[in-house]
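K.L.:
One letter stands for each residue in the lines below.
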Amino acid sequence: MEKLAHLWRTLVMENPMNIETTRFRRKFLSFSTSRGANATVLILVCLAYGMLSLSIISSKGNVSPDIVVYLQTALFTILAPALLHGSIAGERERRSWDFLLVAPITHAQIVVGKFLGACAIMLVVVLAGLIPAAIAGLTHDPAYSNLGIFAFVEMEGISITYAMCVFAVTLFFSARVKRPMAALGTVYGLLVVTLLGLPAVLSVGIGSSKVEADTLMFLNPFIAESKLAEPSNISGLPAYLFGLPHVLLYLGLSIVVLAWTSKTLVFAENDVKFLPKGHRGASGN
Amino acid sequence: MLEVKNLRKEYGALTAVEGISFSLQPGDIFGFIGSNGAGKTTTIRMISTLLEPTSGTAELFGADIIKNPMEVRRMIGYMPDFFGLYDDVKVWEYLDFFACIYQVPSRQRMEVIDNVLELTDLTVKKDSFVQSLSRGMQQRLCLARCLVHDPKLLLLDEPASGLDPRARAELKELIAELGRMGKIVIVSSHILPELADFCNTVGIIEKGELLACGPVKQIVADLQSTRVFEAQLLSDTDRAAAFISAMPHVQLAQPTGEGAVRIDYTGSPEDQAVLIAELVKSGFPLIGFREEHADLEDVFLKLTTGAVN
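Chains as they are written, first to last, in numbering that gives the first Met the number 0: chain A, 0 to 284; chain B, 0 to 308.
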């Protein structure tokens with residue numbers, strides 16, 4: 000328990016790398032950023048957000064709050080890898096990585112700092128999404144949708160922890176590969192394979208009963224959310240396996256992957272590992 | 000103080016650094032000289048705790064780089080030979096980021112940032128985006144980043160590479176100022192005149208081995224077994240060379256072909272005065288007499304063979 004408290008204090012509460020939150024905010028949530036691409040994406044997201052809010056208001060109760068959570072999860076699937084793919088590979092490519100490694104911070108603090116920076120952006124998205132969700136919740140027609148508050152919270156929990164899991168996986172690949180774009184491609188590929196490709200392939204071999212289909216798609220947050228939004232859909236795995244178990248699974252995966260990522264940051268090894276064959280051992284001179 | 004003790008780094012069969020030892024005091028500016036591939040960067044990276052030595056260690060004010068790397072990191076500012084800066088932030092935001100990482104108290108941070116910007120002459124660029132800075136300014140910003148936590152040791156790996164002459168001169172003056180502030184500065188370079196100007200101590204490294212280390216004057220003197228003079232005459236250089244050869248303490252006297260005689264001499268300054276007096280008394284038309292001083296470049300070329308690991 001004492002060790003956990005120490006970890007919480009050094010990695011979260013008193014982590015100097017928490018300044019990444021500020022850097023991420025300036026980089027991704029500022030219109031005055033030096034990068035036109037970031038500002039453009041931000042403008043597009045704001046426009047989409049405004050259109051979503053307006054369409055919910057004008058739908059006169061036909062939109063259920065779960066739509067907001069689905070959209071939010073889809074946004075995280077697309078943007079989470081884009082946020083973090085360069086966090087370590089990019090530092091290495093830009094040659095700013097050494098500056099962090101000579102600072103009096105541990106590898107775990109670096110990894111968790113970058114992870115929390117991205118989580119802060121996610122939190123902004125979630126908070127912003129609560130407004131249209133609340134409008135939809137207050138105005139929706141119960142005959143059209145009957146989503147309870149507890150189910151909505153569980154759906155949000157799945158969406159948030161799923162995003163955290165994608166952040167952790169992106170950080171891991173950013174630490175393991177040489178180029179940021181390689182990390183981005185790998186994570187998108189992994190998401191497609193894990194959430195769609197592998198279940199589809201396995202379903203051919205294993206069978207396609209409801210239980211088997213649910214089991215194969217268990218990691219897919221959209222399926223889990225849909226089971227919570229429409230309890231009538233649950234006909235395979237029992238209902239209690241959707242919701243909190245997903246939250247715990249995604250959280251556990253995030254922690255394991257983050258721990259693994261900080262173990263891969265032993266710099267001297269990385270430095271040598273990424274040199275082409277024949278040049279090994281000649282680094283640094 | 001910094002004490003480097005028998006620092007060694009091996010990469011498999013290759014020995015990049017072969018048991019280097021030296022010590023430096025506050026205020027010392029140490030020029031680390033060597034060809035590309037000599038082992039300068041590896042040594043600097045070991046001292047900066049980026050690379051683990053195969054054997055040996057270094058202590059910075061009692062903190063061991065292997066046993067207590069976090070303590071050492073609090074005391075060092077490291078500027079690598081090639082580096083990049085976050086290009087999507089402003090200059091002050093960049094320094095604020097690192098001041099926070101080095102745990103500079105938030106109340107002092109802006110004051111510290113203003114101070115280092117003033118020291119590095121970047122105050123007017125405080126609100127500019129980092130990517131808009133010139134190469135020289137980025138170099139100075141990197142140095143400013145090294146200074147935000149007031150380090151005791153600065154490790155500057157080829158800090159002047161790629162800079163124009165003006166930026167280079169400004170950087171030299173800045174490093175000299177840091178030495179005057181009592182910081183230990185280690186500067187690696189293979190541009191020798193650059194180092195000779197402001198380093199009070201140098202180390203010459205080749206194939207991972209420290210060939211010479213100490214004050215510049217001492218290294219030069221140690222390498223010169225004889226003093227070299229040049230006597231300038233209006234005429235009669237051949238006869239003067241023969242006359243000088245016969246004088247005591249003269250090892251060799253040869254006409255240079257440009258109205259001068261080159262003399263290798265082992266005598267004292269008093270003997271030197273006698274030699275000049277005898278030349279004049281004997282009627283040689285002497286119009287000049289000067290000592291040729293070896294410089295760092297001569298010493299470097301004499302000590303090294305140009306071999307790399």
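Incorrect hints may have been included.
Below, computed lysine to aspartate or glutamate pairings styled on DMTMM-like, alpha-carbon distance capped at 20 Å [stated by the list, open to error]: (1) Lys-124/B / Asp-113/B; (2) Lys-171/B / Asp-196/B; (3) Lys-26/A / Glu-51/B; (4) Lys-26/A / Asp-196/B; (5) Lys-262/A / Glu-291/B; (6) Lys-262/A / Asp-113/B; (7) Lys-262/A / Glu-51/B.
If you are wondering where the hints come from, they were derived from the structure by calculation, not from laboratory data.
K.L.:
Evaluate each hint against the coordinates.
P.N.:
Tested hints:
no., hint, result
1, Lys-124/B / Asp-113/B, "holds (11 Å)"
2, Lys-171/B / Asp-196/B, "holds (8 Å)"
3, Lys-26/A / Glu-51/B, "violated (34 Å)"
4, Lys-26/A / Asp-196/B, "violated (42 Å)"
5, Lys-262/A / Glu-291/B, "violated (58 Å)"
6, Lys-262/A / Asp-113/B, "violated (37 Å)"
7, Lys-262/A / Glu-51/B, "holds (16 Å)"
In summary, the numbered hints that this structure violates are 3, 4, 5 and 6.
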